[in-house]
Amino acid sequence: MLLFVLEDKESNMLPLTKTCIMFCAMISSLQSFRTGMANASENSNQSYFEKRKTALKNMKVTFIKRPKNSKIPKDYYENPQPYEHNFKKIINEPDICSKEEKILLLYAVRSVYYNFARRQIHRDNIRYIPNDIRSTHTIVKQVFLMGTTNNSTIQSLVQKESEKYRDIIQEDFLESYANLSLKGIMAWKWSVEFCSNAEYVIVMNDELFVDQYKLMHYLHYHMTLDGHDNRFTICFRKSGATNRRLFLRRNINMSMFYKGNHYPYFCDGVGYVAHINFINKLYIASLSNHVFMPDGVWNGLLAEKLNTSLQTESYLYAYYNVIERFSHPLYQFSLLMFGVTDHKLTNYYALQILKNISHTVKIRRTQYRYKMSETFLMEDVPIKINYPSYIRKRDTENLELCKNNLNSLFKNTYEYGIWKSLIFFCVFFILFTRYKT
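Quick note on numbering: the UniProt record's numbering labels position 119 of the sequence shown as 119, and the sequence is numbered without any gaps.
Bear in mind the hints are in silico, worked out from the structure with no lab data behind them. There may be inaccurate statements among the hints.
As the list claims (entries may be wrong) - Computed Cβ-Cβ distance ranges for the label pairs, DEER-style: (1) Glu101 with Asp75: 41 to 47 Å; (2) Asn321 with Lys57: 41 to 47 Å; (3) Lys102 with Ser156: 35 to 41 Å; (4) Pro80 with Lys164: 39 to 45 Å; (5) Ala241 with Leu287: 28 to 34 Å; (6) Arg365 with Ser47: 31 to 37 Å; (7) Tyr348 with Lys74: 40 to 46 Å; (8) Lys164 with Ser47: 26 to 32 Å; (9) Tyr320 with Asp75: 34 to 40 Å; (10) Ile64 with Tyr315: 27 to 33 Å; (11) Asn45 with Leu287: 28 to 34 Å; (12) Arg127 with Tyr320: 27 to 33 Å; (13) Ala241 with Thr153: 41 to 47 Å.
Each residue gets a CB set at the ideal place from its N, CA and C atoms; glycine is no exception.
Let the hints inform the model, and build the full structure from the sequences given.
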């Protein structure tokens with residue numbers, strides 16, 4: 001309220017004038033009070049979705065100076081190039097999340113227009129929410145992100161698919177491997193603008209299989225950790241020397257490629273999970289740091305500039321022998337939950353693998369109901385204890401058995417080659433010794 005102190009010791013101001021001034025002051029104070037009450041009422045009447053959207057919009061980020069041991073070239077720190085993602089949405093579903101109060105997880109799946117069968121498998125998988133107390137009212141949403149095609153027949157099929165399932169987001173950049181990074185920032189931006197009430201977002205390619213049952217429990221656990229909203233939740237961390245041969249084979253302009261000789265730590269773009277707050281930070285940071293390829297290296301650069309350390313959860317992923325690992329009798333006792341189905345394989349075989357493991361996991365879940373004591377002991381996990389270590393200690397017998405069996409079974413191609421060479425050498429040595437004697 002406004003306070004007026006009138007000092008009129010030496011003034012000849014008339015009483016009527018004084019009364020008018022006081023009246024105007026009271027009217028002004030009342031108007032200010034009403035405005036304040038209206039704003040407070042408006043804020044209180046806002047939905048959770050609107051509140052979160054406003055909070056994300058007002059979020060600010062700060063970048064650190066280039067660390068001395070950074071593998072990122074100085075130019076990315078000293079001369080960052082701005083970027084704007086202003087592509088027009090040809091197909092959009094703006095109300096898919098706002099209809100709900102709170103959403104635990106949003107699947108932002110980077111797909112290609114012709115992968116109709118893959119998208120259908122993912123739609124079937126998302127229907128199965130874990131049947132436990134903590135997931136009773138869990139809501140999960142899924143959207144498929146893609147660029148455009150010059151093929152009018154395929155585009156019409158995509159349009160019909162969108163009208164049927166209402167889960168496709170399409171922007172007007174041309175679909176290509178070179179534009180894979182654009183679908184990454186497309187996922188970030190869409191999540192923040194149209195699904196701000198989601199707690200977590202998984203950005204993934206459509207060749208990735210996800211065991212939603214295990215992922216739900218993992219996210220419930222992760223929400224109890226300090227700083228859970230300021231880093232990647234699940235990340236297959238990579239690094240190494242720059243590899244430009246892959247992009248040369250795909251006829252990608254080298255001006256779009258990362259300029260350094262060594263990659264920083266980054267999360268493999270095939271699939272990663274993060275809290276919506278951190279997704280928003282990545283999006284804001286991307287507006288000041290121009291997109292490049294590979295898209296995974298780009299998220300590593302942004303994470304470093306945001307002073308976010310990357311921890312690897314490689315034990316959650318399978319790149320080799322995917323069918324064997326997901327169909328193993330002791331699979332339910334392992335922490336494995338992500339399967340990359342197209343690693344060094346053609347699109348046809350990737351689809352068959354995705355169908356196989358989706359069917360296998362679904363059937364086994366109906367035949368054998370997971371018990372909390374045999375998978376993720378969420379109710380008993382102390383906040384300060386390392387999750388994987390704690391799980392192993394609580395179920396030592398099963399996990400040790402699982403470890404011994406899986407170590408003998410889950411060997412990648414390179415390791416198989418070594419063992420075959422050793423066996424061949426031993427057999428040759430034994431035969432040579434016997435022949436000599």
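Hints and how they fare:
| no. | hint | verdict |
| --- | --- | --- |
| 1 | Glu101 with Asp75: 41 to 47 Å | holds, 45 Å |
| 2 | Asn321 with Lys57: 41 to 47 Å | holds, 45 Å |
| 3 | Lys102 with Ser156: 35 to 41 Å | holds, 36 Å |
| 4 | Pro80 with Lys164: 39 to 45 Å | holds, 43 Å |
| 5 | Ala241 with Leu287: 28 to 34 Å | holds, 29 Å |
| 6 | Arg365 with Ser47: 31 to 37 Å | holds, 35 Å |
| 7 | Tyr348 with Lys74: 40 to 46 Å | holds, 45 Å |
| 8 | Lys164 with Ser47: 26 to 32 Å | holds, 28 Å |
| 9 | Tyr320 with Asp75: 34 to 40 Å | holds, 37 Å |
| 10 | Ile64 with Tyr315: 27 to 33 Å | holds, 29 Å |
| 11 | Asn45 with Leu287: 28 to 34 Å | holds, 31 Å |
| 12 | Arg127 with Tyr320: 27 to 33 Å | holds, 29 Å |
| 13 | Ala241 with Thr153: 41 to 47 Å | holds, 43 Å |
Consistency note: the structure conflicts with none of the earlier hints.
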